[in-house]
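**Student:** Here is how the chains run, residue by residue.
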Amino acid sequence: MLQEVVSAHLPVGEKLAIQKNRIAGAHPEARRIAVVTGTHGDELEGQYVAWKLARLLEKKRDRLHGTVDIYPALNPLGISTIYRGLPGFDLDMNRIFPGSSTETMYEHIAQGIVRDIAGADLCIDIHASNIFLREIPQIRINEKNAQELLPLAHFLNMDFVWVHGAATVLESTLAYSLNDMGTPTLVVEMGVGMRITESYGNQLIYGIFAVMNHLGMLDEPFIPVAPPIVSTDGHVAFVNAAESGIFLPRVSHAERVEKGQTIGIVSNPFTGEISEKLLSPISGMVFTLREYPLVNEGSLIARVLGGAAS
Amino acid sequence: MNKELLYNISAMPYRQPIPVYGWRFGGPQRTLAVMGAIRGDEYQQMYIAARLIHRLEKLEASGALSEDAGILVIPCAAQFSLNVSRRFWPLDNTDINRMFPGYEDGETTQRLAHKIFHALQGYHWGIHLTSLYLPGDFVPHIRVMKTGWQKEEEGLDFGLPYLIIRSPRPYDTVTLNYNWQVWETHAFSLYTKENSDIDPVSAEMAVDSILRFLASHGLLQAELPPGQTTVPCDESHMATFYSTQAGLLFPQKYPGDKVVPGDVVARILDPCTTEVREEIKSSVSGEVFFLRSARLLPEHTIVCRIIPGT
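Residue numbers (numbering that gives the first Met the number 0), protein chains in the order written: chain B, 0 to 309; chain C, 0 to 309.
Certain hints may be false.
Here are the simulated lysine-lysine pairs, DSS-like style, with alpha carbons at most 27 Å apart [said to hold, decoys possible]:
#1 C:K114 to C:K145
#2 C:K257 to C:K280
#3 C:K280 to B:K14
#4 C:K114 to B:K276
#5 C:K145 to C:K57
#6 B:K143 to C:K57
#7 B:K258 to B:K276
#8 C:K252 to C:K280
#9 C:K150 to C:K114
Partial selection, computed: residues in chain B whose CB lies under 10 Å from chain C [said to hold, decoys possible]:
#10 A7
#11 G12
#12 Y82
#13 H107
#14 G164
#15 T167
In silico negatives: residues of chain C with every beta carbon more than 12 Å from chain B [to be verified]:
#16 T30
#17 R54
#18 S61
#19 W148
#20 E203
#21 G255
#22 G308
Note that these hints are calculated values from the structure, not bench results. In this text, a Cβ means the ideal position worked out from N, Cα and C, and glycines have one as well.
Just need the whole structure built from these sequences, with the hints factored in.
**Tutor:** Right under this line is the structure:
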């Protein structure tokens with residue numbers, strides 16, 4: 000059942016409404032998980048998950064205990080205009096949480112979203128990188144919450160869990176705000192902006208059912224999932240372009256590479272020259288790979304997980 | 000005066016090299032640095048810095064600068080965005096003023112922030128001519144961030160109408176002002192009336208205030224217009240007025256206007272009938288400090304801020 004979470008009137012005859020699809024089983028108050036996506040208007044991987052999850056849950060409703068709230072679009076104006084940020088506003092939506100009632104419309108919206116999700120047994124916040132980088136299915140966890148979140152992350156059927164350092168600026172994200180309020184929140188990153196990778200979506204949905212099973216929300220036999228690689232078992236190396244031009248990959252995404260292996264080249268279409276060869280600094284697995292060909296000095300080309308994965 | 004190439008932005012082959020220059024006055028010591036446009040719509044900020052260069056050139060030639068003065072002015076580091084009419088870095092819409100102190104080996108805007116910060120670091124005082132994320136007009140003022148290192152009493156030396164003290168939010172921790180302070184520069188942000196246009200009157204007021212600041216610290220001997228008595232005000236003490244209706248915004252008062260309780264500050268009209276949907280009235284006596292300049296206004300959004308009791 001579609002429900003309005005929070006809304007605000009736009010200047011000319013339209014309402015901005017954040018909606019959720021509430022799917023309730025037996026004892027709807029017993030447990031609640033929130034599956035949220037669409038914070039960045041150019042990330043569409045979560046749209047497939049929202050659609051497919053809703054369809055599958057309808058079929059499983061007789062085995063469902065508690066409530067699943069699916070929020071397909073936290074930034075519907077961004078999605079409808081193919082715009083990553085908040086149309087008409089300079090800040091990234093994932094930098095204005097937990098929101099405020101005393102600033103702007105979007106901060107009012109952010110506050111309404113946080114208040115609606117708060118208290119859930121688990122929130123899964125689905126992102127799709129951006130248009131520049133392709134990511135393997137992974138979970139990102141702030142080291143501050145690692146102890147509590149890592150056990151839950153293991154159920155989500157993702158390939159990789161990246162426990163990253165705390166940064167003050169990230170205190171304005173939805174996940175930080177909810178975790179800070181005591182609502183466990185896992186951030187999923189997978190795929191690439193403006194595209195949908197159905198296999199990744201299906202993999203995550205399998206994991207959502209596994210974690211629901213773990214939480215006692217699905218009356219089904221336990222679903223085994225493969226354990227993810229955890230970043231703390233190895234280390235992450237970054238490859239950035241030193242030159243501008245057109246990037247051409249020489250490895251595949253998620254491929255294993257050796258130290259010194261060419262990940263790709265930066266080409267110069269004006270001269271036919273190779274401006275730069277980009278080499279892997281370590282042996283390991285390329286879990287992030289540049290998707291958008293145009294690069295500038297500093298553009299991220301790849302992230303390689305060494306150590307346990309190698 | 001010495002015009003110096005600080006660094007080049009290289010985005011070959013699609014853009015030609017973009018030089019970023021600084022203008023130096025006085026001796027080699029690092030006394031005062033002034034940063035102009037970092038974003039691509041900061042015309043006013045670039046113009047103020049350019050006018051400051053013009054005035055300092057004449058003052059230096061006349062021997063008005065003291066031997067202790069070593070001044071750097073960078074009018075613009077945003078050419079890549081300015082020349083294509085984009086506020087942020089055009090490729091990924093990231094904001095260089097959310098990347099400080101920068102990272103030499105990081106992504107493009109982190110590297111640019113590093114280059115800017117490298118040029119600006121080590122000065123005793125720093126002034127950032129900057130803009131707010133909300134489009135609007137201000138009474139010209141100095142803003143100091145409450146970091147624990149701030150020297151807010153020095154903000155009175157500019158002779159501008161107000162000194163605003165701001166408690167930083169998480170996203171402030173990656174701005175130039177905040178990081179200048181962390182690296183022991185006494186940092187101030189200077190706001191004037193305009194942003195993506197030029198207001199010569201408030202721009203000259205800003206230039207005078209910077210010269211007055213130099214004079215008050217014995218670094219300049221010159222005849223300058225007298226400053227105003229600066230009123231310090233904590234940002235949290237301002238009275239803020241919001242829209243409870245959406246529509247067309249028609250201001251009735253402007254920055255600098257005095258108001259008493261009951262005065263109509265702005266009206267919001269139905270965009271299709273011009274019927275008055277809302278009259279935003281002041282509940283305090285004071286001076287209008289900030290007014291939104293957007294014509295189309297959504298619900299739940301700041302319309303104006305008033306400094307009470309002035």
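**Student:** Hint by hint, which ones does the structure fall short of?
**Tutor:** 5, 6, 14
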